[in-house]
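**Q** Read off the chains here:
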Amino acid sequence: MRSVAIQPVAERRLKNKTSFGQTLRHSLTMAYRGLLKIRRTPEQLFDVTLQPILFTLMFTYIFGGAISGDVISYLPVIIPGILVQTVITTSIVTGVQLREDMDKGVFDRFKSLPIARIAPLAGALLADTIRYTIATVLTFIMGYIMGYRPDGGLGNVVLAAILVIFCSWAISWIFAFFGVIARTASSVQGISMIVLFPLTFLSNAFVPVNTMPNWLQWFVNINPISHLVSAVRELVNSGTIGSDLGISLIGAAVIVAIFAPITVRAYMRRT
Amino acid sequence: MNTLRMKETASNHSQWAVEARGLVKTFGDNRAVDGVDLNVRAGSIYGVLGPNGAGKTTTIRMLATLLRPDAGSARIFGHDVVKESQIVRQLIGVTGQYASVDESLSATENLVIFSRLLGLGRAEAKKKAADLLEEFGLTEAAKRPLKNFSGGMRRRLDLAASLIAQPPLIFLDEPTTGLDPRTRAQMWETIRRLVNTGSTVLLTTQYLDEADQLADRIAVIDRGHVVAEGTVDELKASVGSSSLQLRVQDPQDSEGARRIIEQVLQVKSNATSEAGRITAPMKNADLVTDLLIALRTAGIHLSEMSVQKPTLDEVFLTITGHGVEASPAASESNKEEVVRV
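Residue numbers (this note's numbering), protein chains in the order written: chain A, 1 to 271; chain B, 1 to 341.
By construction, these hints were calculated from the structure, which means they are not laboratory data. A hint or two may mislead.
Unchecked claim - Below, a sample of chain B positions facing chain A; criterion: calculated Cβ distance under 8 Å: (1) Phe77; (2) Ile87; (3) Ile92.
Think of the CB as a built atom: it goes at the ideal place given N, C-alpha and C, for glycine as much as any other residue.
Only chain A is shown next, with the shape it has when bound in the complex (with noise of 0.2 Å):
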């Protein structure tokens, strides 16, 4: 060991506070970290990779004929709506794993470390986001190869797949929020999956809503995951911005203004 005297306390320049500009910076490592993992690990892509492919073949041909006559008519309909499903399935994972990393010891050197607290949080969210990014350009492959050509052009598609993995990343604040709280993976996983079926099932995602009864229509009409599957289908398919896109992102922004504090605080909290 070098025989470098380390700096007596009193010369230290001490702060309390964390910056907005060294969260950032914290956030971004921890998200560094969560792609290092990612390379190291790649089998934890399955998921993202072979659900798209599948549940986009599947959901098509089982259903294009009875909804829209045809698949090549369904298209229009089913990629948004099967694109939102997956991609926010995929954000479940997040919770899970978010749980798996908390029992390593490597979240005690984190909570250690002067950092701000929310940047384990932000930056393992933040790595996800490449999950989403991979299951929504699989899922556009998908339908380009089945036949899909959106009329909104390339530059809409792209919006919304960022609209898309934006708000994967805000629901993903709930499932981190579980994964925090929760004592195990698995129940992390159980109480996901009963939040999120309701929620992407009872939606405009795969059936037109006027198929449905009056009260669940009522219910449908109301379910955030509805309009984000509007917005994506009139971004994609008419090249147009409505009122649906507005309301998704004030949606996607008033879910990380409640989960983002309780999330933090119930974190420092767990022992």
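Put chain B on the given structure of chain A with help from the hints.
**A** Coordinates of chain B only, in the frame set by chain A:
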């Protein structure tokens, strides 16, 4: 200049690296830490000695801002661990009982991430990681994933990670538990060098000889209380520098043997539950000759006799009046202790 700085540090009361008053932490019905006071002078090695479940780890976790105390207060270099936790975190390094490094990443990646989090630039972080790995003899294993690391390598990496920011106070929670004797000696050497650079070290241990080797002062902790505190010599004096263990052939002679032992050694002896077995602290191992002569004169026959260094068991017996609680894990580690001594 020098006097000025001394005045400044004095006003910051930073001659104390740790000042804890009445720390309490309760988990359900279990008062894991029940009113612990600790004062650790800056620049020293302080040992917290106790069996498993005594509250050592919980105490450290509270001092390291990982756990919020239920009652009491603690200051690190004069900064409150609850109110100024972010400042405290800039002054400490924590090496936990279980290596707090990322299993799925390599040693270099681990250190680079911690360095980046501590505000080092990309190039600086790489250099720091390489330097630390070399210092701790891990350069060859730098790129391997940690899954293939031995326990000793993991501990060293963990300690290296705690030293990135060169913190003036380092917490080491059972730094050598589970290490083989050679790796253990290396770890001790590293800890001593740390203090030479000006760091303060607070370590917990189950092993009296470890505290003996390293610590300037020791607190003995039991069931959440500090039951004894002092320098190593003071503590040893209360236990005796070695421990006499003997067994008489005829259990009837136990009482007589104890009387003679207490006469010759001038200490209190303990009869253990095992029939005819007696232990007693001894300040001077030479006295054993006098004792054996006295026993022969009295016609007491021995079946077994040994002189050992005191074990944690005896420290406890002497200080608390009861043995180490026989939780399976605790008795295991004490067995280890006896074998090692």
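**Q** The structure should be examined with respect to each hint, and the outcome stated for every one.
**A** Hints, verified against the model:
1. Phe77: The hint holds - Phe77/B has a Cβ within 8 Å of chain A, the shortest such distance being about 5 Å.
2. Ile87: Cβ of Ile87/B sits 5 Å from chain A, so the hint holds.
3. Ile92: With a closest approach of 7 Å, the Ile92/B hint holds.
Checked against the numbered hints given earlier, this structure breaks none of them.
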